[in-house]
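Just so you know, the sequences run in chain order A and B. In terms of our numbering, the first sequence is numbered consecutively and its last residue is 938. In terms of our numbering, the second sequence is numbered consecutively and its last residue is 575.
Treat the hints as calculated values from the structure; they're not laboratory data. Mixed in with the good hints, there may be bad ones.
To be verified - Cβ-Cβ distance ranges computed for the label pairs, FRET-style:
id, chain 1, residue 1, chain 2, residue 2, range
1, A, His594, B, Tyr544, 45 to 55 Å
2, B, Asp436, A, Arg674, 37 to 47 Å
3, A, Pro876, B, Tyr544, 49 to 59 Å
4, B, Leu341, A, Arg731, 21 to 31 Å
5, A, Gln827, B, Glu61, 51 to 61 Å
6, A, Gln827, B, Leu341, 24 to 34 Å
7, A, Gly695, B, Glu94, 37 to 47 Å
8, B, Gly34, A, Arg674, 50 to 60 Å
9, B, Arg364, A, Pro764, 48 to 58 Å
Claimed, not checked - DSBU-like, lysine-lysine: derived pairs with alpha carbons at most 35 Å apart:
id, chain 1, residue 1, chain 2, residue 2
10, B, Lys24, B, Lys548
11, B, Lys57, B, Lys24
12, B, Lys530, B, Lys412
13, B, Lys24, B, Lys295
14, B, Lys506, A, Lys783
15, A, Lys783, B, Lys295
16, B, Lys548, B, Lys216
17, A, Lys783, B, Lys216
18, B, Lys294, B, Lys412
Beta carbons are placed, not taken as given, at the ideal position from N, Cα and C, and that holds for glycine.
What follows is the residue order along each chain.
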Amino acid sequence: MSTTTETNPTASVSGATAQPASWTCPFCSLLCDGFSVRAGPALELIGSDCPRACAGLAAFDGLGRVTPCVDGASASLEAALDAAADRLAAAHLPLFGGLATDVQGMRALYQLANVGGAILDHAHGEAMMPALRMLQDRGQMFTTLAEIRNRADLIVCIGTDAVSNFPEFFRRCAPPAGQDSACRVVFLGAGEGAPTAAEIPWASAVESVRPAGDIFDTVAMLAALVDGRRIPDPDGALAALADAMRSARYCVLVWEPARLPPHGALVGETLLRLLMNLNRKTRAGAFTLGGNDGAQTANGAMSWLSGLPLRSRVGPQGVDHDPLQYASARLLDEHAVDLLLWVASFTPDLPPPQTALPCVVLGHPALAKACAQPGTVFIPVATPGINADGHLLRSDNVVSLPLYAVRDDGLPTVAEVARALVARLTSGAAAKEGAQ
Amino acid sequence: MTTIRLKGGRVYDPANGVDGEIRDICIRDGRIVALHPQDKVDTEYDLAGCVVMAGGIDLHTHIGGGKVNLARMMLPEDHRLNRPRDSLLELASNGCCTPGTLETGYRYAQMGYTAAFEPAMLAANARQAHMEMGDTPILDHGAYVMLGNEEIFLEMLARGEDPQRIRDYVGWSIGASKAMGVKVVNPGGISAFKFNQRKLDVDEDHVHWQVTPRKVVHSLARALSELGVPHPLHIHASNLGVAGNIDSTLATIDALEGLPGHLTHIQFHSYGREGPKKFSSAARQLVERVNAAPNVSIDVGQIIFGQTVTASGDTMRQFANADLGSPRKYVGGDIECDAGCGVVPFRYREQSYVNALQWAIGLEIFLLMDDPWRVVLTTDHPNGGPFTSYPHLIKLLMDKRFRDEQLARLHPDVAAMADLREIRRELSLYEIAIMTRAAPARLLGLTDRGQLGVGAAADIAVYREEADREAMFATPEYVFKDGRLVARKGRIEAVPVGGTHFVETDYDPAIEKTVEAYADRHASISYRHMKIGTDELCSCSNGGALLACKVHGRGRAL
Chain A
503 MSTTTETNPT ASVSGATAQP ASWTCPFCSL LCDGFSVRAG PALELIGSDC PRACAGLAAF
563 DGLGRVTPCV DGASASLEAA LDAAADRLAA AHLPLFGGLA TDVQGMRALY QLANVGGAIL
623 DHAHGEAMMP ALRMLQDRGQ MFTTLAEIRN RADLIVCIGT DAVSNFPEFF RRCAPPAGQD
683 SACRVVFLGA GEGAPTAAEI PWASAVESVR PAGDIFDTVA MLAALVDGRR IPDPDGALAA
743 LADAMRSARY CVLVWEPARL PPHGALVGET LLRLLMNLNR KTRAGAFTLG GNDGAQTANG
803 AMSWLSGLPL RSRVGPQGVD HDPLQYASAR LLDEHAVDLL LWVASFTPDL PPPQTALPCV
863 VLGHPALAKA CAQPGTVFIP VATPGINADG HLLRSDNVVS LPLYAVRDDG LPTVAEVARA
923 LVARLTSGAA AKEGAQ
Chain B
18 MTTIRLKGGR VYDPANGVDG EIRDICIRDG RIVALHPQDK VDTEYDLAGC VVMAGGIDLH
78 THIGGGKVNL ARMMLPEDHR LNRPRDSLLE LASNGCCTPG TLETGYRYAQ MGYTAAFEPA
138 MLAANARQAH MEMGDTPILD HGAYVMLGNE EIFLEMLARG EDPQRIRDYV GWSIGASKAM
198 GVKVVNPGGI SAFKFNQRKL DVDEDHVHWQ VTPRKVVHSL ARALSELGVP HPLHIHASNL
258 GVAGNIDSTL ATIDALEGLP GHLTHIQFHS YGREGPKKFS SAARQLVERV NAAPNVSIDV
318 GQIIFGQTVT ASGDTMRQFA NADLGSPRKY VGGDIECDAG CGVVPFRYRE QSYVNALQWA
378 IGLEIFLLMD DPWRVVLTTD HPNGGPFTSY PHLIKLLMDK RFRDEQLARL HPDVAAMADL
438 REIRRELSLY EIAIMTRAAP ARLLGLTDRG QLGVGAAADI AVYREEADRE AMFATPEYVF
498 KDGRLVARKG RIEAVPVGGT HFVETDYDPA IEKTVEAYAD RHASISYRHM KIGTDELCSC
558 SNGGALLACK VHGRGRAL
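Using the sequences and the hints, build the whole thing.
Have a look at this one:
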């Protein structure tokens, strides 16, 4: 069932290799492709100490051979596919959750969702909604990593230290060696533990600014100050920051929607208004940190296939999108769905949520133990960039990169499992035709 | 071996000079063949009362890539309605001005189109563009890579790089992104906007690189000509939408110095500065110039009244128009020192003087052009209007009375004054077949598409002859893709995966060292990922056929 289409010339897919393979990292949405991995008994990261990548690789240590599992009992792949298909066939409205997969996986899951209808949401759906709702209500002004490297003279991280969830972020923003322009980094309300000047060696200055109240008040005041409006009792540090933003040639606002309190879309909207005003005189853009575990990819592929982003229901009646109603947690709590198909192919850190509903899990092999329980069909799947090829969309929603297997564990991909389920749930020519 | 006879239809096949003759078209294994009338076939269709044309080819339609997908996400209101579908083959997908890729494929095929080309593929976003097109069923597809605003190119121009090296770089870019051609958008202007320049005329210097749009256009046109790329440089000229921009449009034609160039959505670039509102039609000026310049072809980018969204790489102009958005939303992005993207929802209104005049200008250009082989029917989907408006547009071009009725509903100054009132021409079915099939195929170098000669691919649309051309072109009786029935009276009958057209050129691979050195220093991805290999293309484009077109230019200078 291999879908390997193009082998990385420096990689070996036939087991251990002495040579490190050049590699695209699937463990956060920055998709770093400047490191390599040595595939021996363990997977060793070469060229970086990124804790996220190291943890992702370590999750494959000592797994041995993991088999599918039906209701807690080990089963063959065929038997597990049969059981999963039976349960899907019996469901009236399944939720396809998790969706931690790549483009090919989403393509096949979309076909599967169309067989009998399903609601699709990502494990990070809640974190994605502020940025999505901001886009739907107001829009966005964005920039991308290469623009930041080559152009930014001021980076303002708002409500995030960036590196907790995206450890390589500042290394990816480093200007070209020898570039004479200076770039300053400011953390606004990033809390303790924001990187120091020593940790961003290329920055001309690294500063922290305390928020003026909560994040909503802080960005509102900053936006007003950038706009040049007179406000009572302006915060001195914010006023200075606003001046710096106005005099910067290219200011980058970094935000991380997952860290925002409820109604975080309002922060995004304020930042967009600020950026629109700033761009009337100088240049600026936002960089949104998010989309890990294939969230950007799942949302992108869902949007192009159906026309609507995640948190949509698809089926014979068409597509229906509702960012509030079709939230996984709410659907599960209210038993508005009657089956959970959970996809988590990158790490074991995304176990299926606790639910009494029947579950079908296409998961990282290290999830096997957690999924060995009555009512659950568990099918271990390959991870793009580890033991399968694939494609992922980067956090900026512009660049997508190929991922290549560094070893072969004989596991099926999410796409292969989903296609096998489609084949079981449909029959005859119509199914083949529909599988475009 | 499957054989089909399409019997007794009235055939319009301009590439072979066939103008409405009753004749049979026979198909074997996806190709058009000559069969003896007595030869037995597997299936015969009686096409009495029907018009037969090659499948439609849209050479400029924004169907795939990041900005289109952002527009989809941004406009859930465009996706509230789900069209009832009577074929189980159709997966759920919807949208009108920003349809999902699946819906895009179904709707084009239902209308008799069998190929569509994405005109604005960013090199940085090429994989996604190919993925989206690969998920657009039925249609063959391809894309033009956007060049002329990436810093590496502008830097090469600024340091006076040898034209042969520019040619090699363009050849490399086409190969790396698996493109069918090259498009330049607001030449140099997207980059200039990143340096905070707000306007860039054809002979004005880019504030940082000190090169002019004239230089950018000429360099790219020359490179393509030397590489032997069939599709002329696809040009979105400077000053889109600006009153008086006819000057920069004519200057852009001059910049070609006789080299092939295709000026796209030319309606948006044909504005004068006359009259009380300082906004007027320059259609006659434009057409006079284009008629006299055989190296120039155009597509129109007709506007259609109603809601749509404008999605463009031209961040300079899109940001300038952001406040005109309706509904008021804006997406803008600076992308990878490569290009940009701006998305502004827009509603064209009949009672707006400007919009009404834009509508009239587009039609004037169609109707004044002498040579239908050099003007292609487009709405610049979705920028002027959704591609589903094509049947309506065809009726406007073929039916003077209908056109007059529409004109009478517009802003009174336009209805009373527009040049369009005086233009009596009604296009024939033969001319429509040129503008929607034969000409785009020729301009793209597709020798076996857009025509019905023996040996051509059996991409065929069969329309029931009706006086109401809009109804006729909206729902063909039969549509065949590579000899397979894919739609029948609007019902989808099969959903094959379309193929990807791309060009393979000869260039000196030494240029790769230059690109690699640039990437190591400035890019955000590894050099090895800047190229899409053919195997990877196959995976991106969903396993569709790889329709490579190898071209040989004037030889490699080694």
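A quick look at each hint next to the structure:
Roughly 51 Å separates the CB atoms of His594/A and Tyr544/B, a value that falls within the hinted 45 to 55 Å. At about 55 Å, the beta-carbon gap between Asp436/B and Arg674/A misses the expected band of 37 to 47 Å. As the Cβ distance of Pro876/A to Tyr544/B is approximately 52 Å, the hint placing it in 49 to 59 Å holds. At roughly 24 Å, the beta carbons of Leu341/B and Arg731/A sit within the given window of 21 to 31 Å.
For Gln827/A paired with Glu61/B, a C-beta distance near 52 Å keeps the hint of 51 to 61 Å intact. Taking the beta carbon of each, Gln827/A and Leu341/B are about 33 Å apart, inside 24 to 34 Å as hinted. In this structure the supplied range 37 to 47 Å holds for Gly695/A paired with Glu94/B, their Cβ-Cβ distance being about 42 Å. The hint said 50 to 60 Å for the Cβ distance between Gly34/B and Arg674/A, and at roughly 58 Å that hint holds.
In this structure the supplied range 48 to 58 Å is violated for Arg364/B paired with Pro764/A, their Cβ-Cβ distance being about 33 Å. Restraint check for Lys24/B and Lys548/B: the C-alpha separation of about 47 Å exceeds 35 Å, so the hint is violated. About 13 Å separates the Cα atoms of Lys57/B and Lys24/B, which keeps this hinted pair within 35 Å; it holds. For the given pair, Lys530/B sits about 53 Å from Lys412/B by alpha-carbon distance, which is inconsistent with the 35 Å threshold.
In summary, the hint linking Lys24/B to Lys295/B is not supported, as the alpha carbons are separated by about 55 Å, beyond the 35 Å threshold. For the proposed pair Lys506/B and Lys783/A, the alpha carbon gap of about 54 Å is over 35 Å, so the pair is violated. Between the alpha carbons of Lys783/A and Lys295/B the distance comes to roughly 27 Å, so the proposed pair stays at or under 35 Å and holds. Between Lys548/B and Lys216/B the alpha-carbon distance is near 33 Å, which keeps this suggested pair within the 35 Å criterion.
For the hint linking Lys783/A to Lys216/B, the alpha-carbon distance of about 13 Å falls within 35 Å, and the restraint holds. Pair hint Lys294/B plus Lys412/B holds up; C-alpha atoms about 30 Å apart against a cutoff of 35 Å.
Of the numbered hints listed earlier, those contradicted by the structure are 2, 9, 10, 12, 13 and 14.
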